[in-house]
Amino acid sequence: MVLGILGILGFLSRLIILKSTKMTISSKAWRVGVSALLFLFIFLWWWLGYPELLAYHEQYQLFLLTGDYLLSAMKSPGGLADYISEFLTQFYYIPWAGALMVAIVLTALQALLGACCAKAGQKAGTVLWIASALPSIYLIRLMSDENLLLSYPVALVIAMAAVCLAQRSKSAPAWIEGILYLVITGLLYWWIGPVALLFALLAPLMRHHGTKGWIWSGAMFVAGLLVIRLMGMWLWPQYPDNQLYLGVNYYRITNAHPDGLIAAWAFVAALCMLARVWTLPIAKPWAVPATACAVIALCCGMLAGAYDQDKMDVFRYDAMVRHGQWQAIISRAERRAPTSDFCRQALNLALGKTEQLGEKMFEFEQNGLGSLIEPYSNNNTSCLVSAEAFYHLGMINSAFRYTFDLQEAIMNDRKSGRFMQRMAECMIIDGRYKVAKKYLGMLEHSLFYRKWAKNAQALLADTALIDLHPVWSEKRRLRFKQDMLYDYRQVHKMLGMLAIESQGQNRLAWEYFNAGMMLTGDLQTMAGMYHYAAEMFGVREIPRHHQEAIAMFWSMGHNSFDGLPYPISASVGHGLMDLAKVYGPNQHTPSAWLPKAQGTYWAYFLMRQPQEQEYASREREG
Amino acid sequence: MYLLLVLCLLAGCGSERPVDVVEMGVEAPIWPDYAGVTIPVGIAPMNFNYDGEEDIAMMHVAVRGSQGGEMEAMGEWADFDSKQWRQLAEQNRGGILTFTVSVKCKADGQWVGYEPFDMQISDEPLTDWGVTYRKIAPGFETFSKIGIYQRCLADFAETPILEETTVDGQCLNCHYANRANPAQYSLHVRGKHGGTLIHTEDGNKYLHTKTDQTVGNCTYGYWHPGGRYCAYSLNRIYQNFYVGKERLIEPWDAVSDIVVLDTRDNTLLTLPSLMTDDCETTPAFSADGNTLYFCRAPKVNMPGEYQELKYSLCAIPFDSNTGQYGDSIYTVISADSIGQSVSLPRPSYDGRYLMYCLTDYGTNPVDRPEADLWLMDLQSGQTRPIDEVNSDQVDGYHNWSSQGGWFLFSSKREDTLYAHVYISRIGQDGIATKPFLLPQRNPKKYYGESLHSFNAPDFTSEPVALSLREARSLIIDQSPIHVTIKEDGNSNP
Chain H
210 MVLGILGILG FLSRLIILKS TKMTISSKAW RVGVSALLFL FIFLWWWLGY
260 PELLAYHEQY QLFLLTGDYL LSAMKSPGGL ADYISEFLTQ FYYIPWAGAL
310 MVAIVLTALQ ALLGACCAKA GQKAGTVLWI ASALPSIYLI RLMSDENLLL
360 SYPVALVIAM AAVCLAQRSK SAPAWIEGIL YLVITGLLYW WIGPVALLFA
410 LLAPLMRHHG TKGWIWSGAM FVAGLLVIRL MGMWLWPQYP DNQLYLGVNY
460 YRITNAHPDG LIAAWAFVAA LCMLARVWTL PIAKPWAVPA TACAVIALCC
510 GMLAGAYDQD KMDVFRYDAM VRHGQWQAII SRAERRAPTS DFCRQALNLA
560 LGKTEQLGEK MFEFEQNGLG SLIEPYSNNN TSCLVSAEAF YHLGMINSAF
610 RYTFDLQEAI MNDRKSGRFM QRMAECMIID GRYKVAKKYL GMLEHSLFYR
660 KWAKNAQALL ADTALIDLHP VWSEKRRLRF KQDMLYDYRQ VHKMLGMLAI
710 ESQGQNRLAW EYFNAGMMLT GDLQTMAGMY HYAAEMFGVR EIPRHHQEAI
760 AMFWSMGHNS FDGLPYPISA SVGHGLMDLA KVYGPNQHTP SAWLPKAQGT
810 YWAYFLMRQP QEQEYASRER EG
Chain P
656 MYLLLVLCLL AGCGSERPVD VVEMGVEAPI WPDYAGVTIP VGIAPMNFNY
706 DGEEDIAMMH VAVRGSQGGE MEAMGEWADF DSKQWRQLAE QNRGGILTFT
756 VSVKCKADGQ WVGYEPFDMQ ISDEPLTDWG VTYRKIAPGF ETFSKIGIYQ
806 RCLADFAETP ILEETTVDGQ CLNCHYANRA NPAQYSLHVR GKHGGTLIHT
856 EDGNKYLHTK TDQTVGNCTY GYWHPGGRYC AYSLNRIYQN FYVGKERLIE
906 PWDAVSDIVV LDTRDNTLLT LPSLMTDDCE TTPAFSADGN TLYFCRAPKV
956 NMPGEYQELK YSLCAIPFDS NTGQYGDSIY TVISADSIGQ SVSLPRPSYD
1006 GRYLMYCLTD YGTNPVDRPE ADLWLMDLQS GQTRPIDEVN SDQVDGYHNW
1056 SSQGGWFLFS SKREDTLYAH VYISRIGQDG IATKPFLLPQ RNPKKYYGES
1106 LHSFNAPDFT SEPVALSLRE ARSLIIDQSP IHVTIKEDGN SNP
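Protein sequence lines, in the order shown, are assigned to chains H and P. Just so we're aligned, residue 210 is where the first sequence starts under this note's numbering, counting upward by one. Just so we're aligned, residue 656 is where the second sequence starts under this note's numbering, counting upward by one.
Next up, chain P with everything else stripped away, as it sits in the complex (with noise of 0.2 Å):
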């Protein structure tokens, strides 16, 4: 009999629909803002809550699709059913859908109705499995909880990649895969037991990246196409802190260089251009392996002169049949002539655009509310803002989705503190779209709670799988494999 009580109410509860209801013609206020954002079909429920200031009761939301099809959410906040979800928005592929938001006042029980809103269902499909990031909290010196940890982009499931409660407390730092490629990535490890983490089809290794006639631990990476080949920042990080109100923390390289690890005979890859006194960092390779991205920025007085180091983009050939570097390295984009700081250059996938950050000094965005995505469009040569997806905040730690098109990135934008991950397209005209904050089963309720930023995040077109026990041995256990300079520069094809 309860039972059938607890039914009838939660019926009654069902049916209420929106009646008498207010037009206030202003824009729902909506959080995340997702109007006008597009997304792409296999993304899980946009879910979103009432951002008004009225206390409300419950919250309607109809959904219309352009090519047909309609569902409705009902309840605290927009919590669409997954199943419905999907078929709508596979039934608006190329369309637009609608939603018309209405709420119940909690003071007087009257309805309110905001102008409806669209999003854009992408034709263009985004293929990855999910995405990866760090979930770390924004501190100083001292961090508690970290992990690397994955999402799967078609629903709201979390699961972790490695935390730091299997390594006994030592820092995770960022998962770097290979074009989103699970069976290909690496993961640093910092502490006592710190080390290179090398993921590849051939299994689990773990190398201690620090030889004699190199200044530090391989830190920034990016993979070789081919796999074999991963390019390699050598950092030594200091961090300085302001006083003042806007800003906390200015993390510099007092050294830097870069290598290539071979990941076939874990032997480094150096060229004594690349490991100058000036600091180069951030390597990236291009979509067709032949040239190795890096910023470079001539050594200043630091911490005093930080606002003189500005980072050029350079770039060197690669012949990853040899393993050699070409013979001269040029300038893409020179800090002189902007008069501003490039950093982590990522080549898009299909070789047409080259995304990076710029910042008005150094290379690390991490507390720069002036750091902002550009676009050079490879082809021509054209640079700019991008603008469409740039906000007022820290923007930047971007990566291209495995298929090209897509790509996300963090952006502080939401509070200036607490990074949060963003997705957006780059369609054939070049242009942005409104990015969208990877969706939440209860997004106010996630982001509002989260002590979390979400660093470094990449897409992943599988489940990263590692087994953490392995992972332990690995790390914990085991001694690592110490990688050693190749004697004559040149990799065995």
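Isolated chain H, as found in the complex (with noise of 0.2 Å):
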């Protein structure tokens, strides 16, 4: 259904090219060329800028391909564009497709613009398509918000396309045109939002010249908005008057409505109400070409500063984690060091899943226990890197319990696909298949998920072979058995218990054991279990780190290293003692010493600040 849409929105578009009137050859190489650059333009800039924001999109909703689903979307306001905005945005989990998708929709939107606006002012048809272009630009400045959904430049295509049509038909009389109005604007606001209020504006103005249309047009708008707040009173008294009035969920934050969404409809509706008022002929030769070079100008300017290089590293090291390319994230961490916790906790798993945490985690900054696990907050993103590391330390429980509330923190109350594949994979594990069924249940419903849940239903079927399953058994395997409360400020301690509880089989949950003591500087019970569980996981060579570590806390109450239980090279030693000379007097001035420590546990240590702990027991409001 939505694939016939987009067939009809693409047939429609170049209808509208073809069937102008008065259109020269150049003209006509003008259009398609300005909307095939376009098209161009935006897929490049989302394939080959966006992929980890693509990424980001997809997996805060799972698109499931039933008719409750679309019964459901079509309870809300605007939800025939939520739907096909849905559809779209599962395609982003293959970065090309998801960049057409966006590409598709936003060049639509141009030539749908074009279209109305070229017809209204012919006299400047081209330089009108050119210009049209902008505000397909202004929007994917925008969508570098990751929080504005695909929605929103949905419901101004099927807008302008309202508005297109409107523009070609025939004539009626006064009152059953002004009672179509009111009907299509009621329809389009069910089906768009209030993104429908740009066809009570424009459909009058462009089908009627002079002073009819504005007249038209402002007591459209105005009847409009009377249409919304009756529907709003009457269909969806649930929903507050902002939401009503812009939109229930063109943007992530339901309650936020950025300035931004407003100007694109209003760019929108301004570059119409130009078209309509422009009487003069462009007769010029350069205008064409000097309109195309204005708009790339401004196009240059609107897209300037878009990305933002830090929040893009989240994505980018968040897609990196989902698929467990550990050695991309380390190499990307060698080009640009981690700027945030998140992506250190990235970095972090990555070095741990290739043993070589304790080798050269204090190569890179490191801040406190968070750079491995981060406490729960309340939030879509800042604990994905946590819940898959808590699963592939085999803390099932808790890798179930981040990834949940992940999912129930995506903030416009949608599903997502991976995090119920994950859920799934946790509820298999800890044997409760009764509601791993359900949540695979549902992904057999999506596109992308479909044949993993389908043959993970199959392993259900004989649980038997849950057992021989490479993962999951070897999960069911190192997972804690008993249970026990615990809180954050004790994580790395629980991965203690859980190392030497596998026996030796769990080295990732050590390696972070003692990263975490590392980090927390709770050298003594490190050193204290250092060799026990060293001989259990059959450690030759103690990692750098580790030997720091371990010399700087046994030089802490001896004077040499004499009698050290533990093998420590001289490279370490010697760098100790180097670091202990220069150290000593100079304790306040880090430029003196620092140096010498560069890129190891040391500097880490002599330079972290004892981090409150403020995270106990969580309080839940009564």
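If you are wondering where the hints come from, they were derived from the structure by calculation, not from laboratory data. Check each hint, because a few of them may be wrong.
[What the hints assert, rightly or not] Derived lysine to aspartate or glutamate pairs resembling EDC-like cross-links, with alpha carbons at most 20 Å apart: (1) P:1100 with H:653; (2) P:1099 with H:653; (3) H:643 with P:1070; (4) P:790 with P:1070; (5) H:646 with P:708; (6) H:643 with P:901; (7) P:860 with P:1132; (8) H:690 with P:901; (9) P:900 with H:696.
[Said to hold, decoys possible] Among chain P residues calculated to face chain H with C-beta under 10 Å, some are: (10) 795; (11) 819; (12) 824; (13) 902; (14) 1103; (15) 1104.
[What the hints assert, rightly or not] Some chain H residues flagged as far from chain P (calculated, every beta-carbon gap over 10 Å): (16) 260; (17) 303; (18) 579.
We put the CB at the ideal spot given by N, CA and C, even for glycine.
Assembly of the complex is requested from the two constituent chains, each provided in isolation within its own frame, with the hints serving as guidance.
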């Protein structure tokens, strides 16, 4: 159905281009060229520039190809735009396909807007066509905000399609026309939300010349507001006024309505109004290329600074963690040092998965326990890597808890294919098969998770097969067998217990335990357990940072390394001695001793600020 | 012509009857398990699905009443016609409905029959219009779509009373009605605009219930039958999380006290012995309103000693004429003597029974597989587990119907994580009937696709009417009324 709608839109755009009268070959070339160029630009911009943002969007929805899903969407104002948007967004799973979807939508908007403007202001048709690319570019800028949903551009496309149709429809008696405007505005409001006011404003204006058009336009806009008011009262009393007038689901944070959304709407309306008032012919041969140059310059201006490197880093690291691209994570961190705990968690997980945590982690900036695992916070992003880390570590309950709450934190109340998949895995490992089946049943109705879900269902049909599954059987073996309460402050100690319980099987837990001990400065516990655990894990050569930590701990109570029960390399021993000589007299002048400690645990240990351990049990308001 | 063709096809489908049925001689594999349950006359059709291993093309169910009448259902699942169902149930009040299930296997077209099963139709009516509950994902620290809903018992219609959408995403907490009376209830909102919405015959008001002298907001509530007072516990709830495999979450009270709200002048009636260093929680008035039950546990070092936090059931006299507490608190069930913890006391409205929840420790049975319902006969003082309804998963959050006899509770027996509503009845002999899952049009689809727990269910004698615009205005736009502590501890009669 949705493909059909897209097909119709595509056909419509083509029809508009070809059916426009008095069009020279040069005009046609400009129009096709502008649209094609815009399409290509948007496609490349998203595919090459924002693949991580596409992945980010994809994971905060779960489009189901069921009648119930459509009906559920259609219960809200703007439901059809949401439905189409979510259908298209599922293709973000494959970055190039996602970029293609965005390009189709934004180019369709340009083509429809261009067609409307060109017809209204025929004397400047080509110039207006070129200028019609601006709102699409402005939307690209807006869409660098990760919470702006595709439903907004989709709503604009549908509204402009309706305006185009109205512009080309036959004339009717005024009272019939008035009723039709109101009915269509009401229907559009149901389907696409308050963007429908674009139709109420522009359709009369595009159909009627002169003062009559403006009066009709103003009257219909006011009447449209009234329609929304009445529909809100009767059909959707649960929504507050700000959502009824500014949109329920254009923006992921349902109570927020950025000014940019109104600006984009006004931008589209303003272009159409400009086309309507344009009366002068454009005869100068340079006018069209000059307009093209001006539009390109404006586009550059709008897109300058759109790319937020730090934010995109977060999304990129998350995507790499999701797909287990451990080496790529390390390489990226080596190119550009992680700037947030989120990225550090991803890096440390990658180092842990490749058994380099004890060897390399302090070559990068670290920031306490939060560099390993994030305490839960009520948003849909900051605990993504921690949830993954828990899963890889075998803390299945915690992985489930974080993932469940991440899904619940999706601010427009959508579910997530990624999270649902992980929750199903956790429930399978935990042996809660009925819950797993519930999640798998939903995933089976999706496009990109269906195959995985069907395979998992097949395993559930014979649960003995789960013990043969390479990942789930391992996790089931490595998880805690006894129920114990813990809070975030103890998470690294729990990992120590998990490592010991595994009898040398859970290497990652052991790596994390030592990392946690070093990050919190609890070297005594680390050193106390090290011999026993290292033997259990068959450690032949103590990782460098572990040596540094043990040597540091030993040096606090001894004047030499004699009697140290662990083999410390000569370079570590000498390094610490050299550092001690410089550090002693210059304790408060880090610039004097820090170069000697660069890339070692000592630098972290000596520079770290004792962190307030505020996080205890989590209070819940009663 | 096409219409005619479609009608012919439909007529053809409808006329198919089980033929050459191979009798399996075993119980019908149906879900929900409605075999042997007792239902009230006015309940919605008890639709069910095939739950066997065969891939079936269709299911046929023949229903015959012990006092006459019969009906059939055929299709993907047993979807009974509402009108016929109502007539058949009415005709067989106090009798038995016998269900005969046959299914047609998709693979070979063979019809397979199962042993018939019965449902008892109670001669005691369930007069309440419907049930209310909060739908919430069984999460941990974050909740998205939350709403308080009402569901008509005579059909499958569910409508929202209040959803978080209306109140800018604020968390909505439990809805407490006075004996299923929709004209009198309270409802909590958490978050930035947190408070307690009180709905009485006089209208709505929104209260800020934290004072300088109390430890927190009103949390768990229970109305005095007279309608003027509502008892609340004031809880500061914390939660910890489990590693392991059986349990996920452990909520516990760091501090909790009991107060009574006088809704006439928005004051709190306090008593030092209900605001001690111990934890006092989950109050409930007796049927005559002269006793206030609550649970109390000595303070322990939490969360380390969480397994030592065991609540006794206690009571204190209460005089609604003067608004005064009695002199002494007495213990009804001692946690020390039973080695377990009591929570959620709920006296039946006829004063005959007191139902409560028993767990190994703590006060919140949300993630306690051992949580079971117990029943105290208030005449004999005898207490026993209601084994007829308990399962090996959480059973709790129970409430009585307004006319007594019937009760509902939520249970996680189905899948260990999501709570559903079950209904049962205590007979004159004090024995409960086998509980039945709240019926749905297509139960397997409805419950299979639901990602919500049905939380804190209760009956409602009539539909709850709450103006969403007024509720939003009170909660979001206006300043709440601040409750105060009643100076002399008494209320004017």
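Each hint tested on the structure:
1. P:1100 with H:653: The given pair, whose Cα atoms are some 14 Å apart, holds under the 20 Å limit.
2. P:1099 with H:653: holds (16 Å)
3. H:643 with P:1070: Distance of about 5 Å is within 20 Å: holds.
4. P:790 with P:1070: Holds - the C-alpha atoms of residue 1070 (chain P) and residue 790 (chain P) are around 17 Å apart, at most 20 Å.
5. H:646 with P:708: Roughly 15 Å between the alpha carbons, so the hint for residue 646 (chain H) and residue 708 (chain P) holds.
6. H:643 with P:901: The hint holds at about 14 Å.
7. P:860 with P:1132: holds (13 Å)
8. H:690 with P:901: Within the cut-off at roughly 9 Å; holds.
9. P:900 with H:696: holds (16 Å)
10. 795: holds (5 Å)
11. 819: holds (9 Å)
12. 824: Interface hint status for residue 824 (chain P): holds (6 Å vs cutoff 10 Å).
13. 902: holds (5 Å)
14. 1103: Holds, about 6 Å.
15. 1104: holds (7 Å)
16. 260: Holds, because the least Cβ-Cβ distance between residue 260 (chain H) and chain P comes to about 27 Å, which exceeds 10 Å.
17. 303: The claim holds: residue 303 (chain H) sits with its nearest Cβ about 27 Å from chain P, beyond 10 Å.
18. 579: The assertion about residue 579 (chain H) holds, with a minimum of 17 Å to chain P.
Against the hints set out earlier in the document, no violation occurs for any number.
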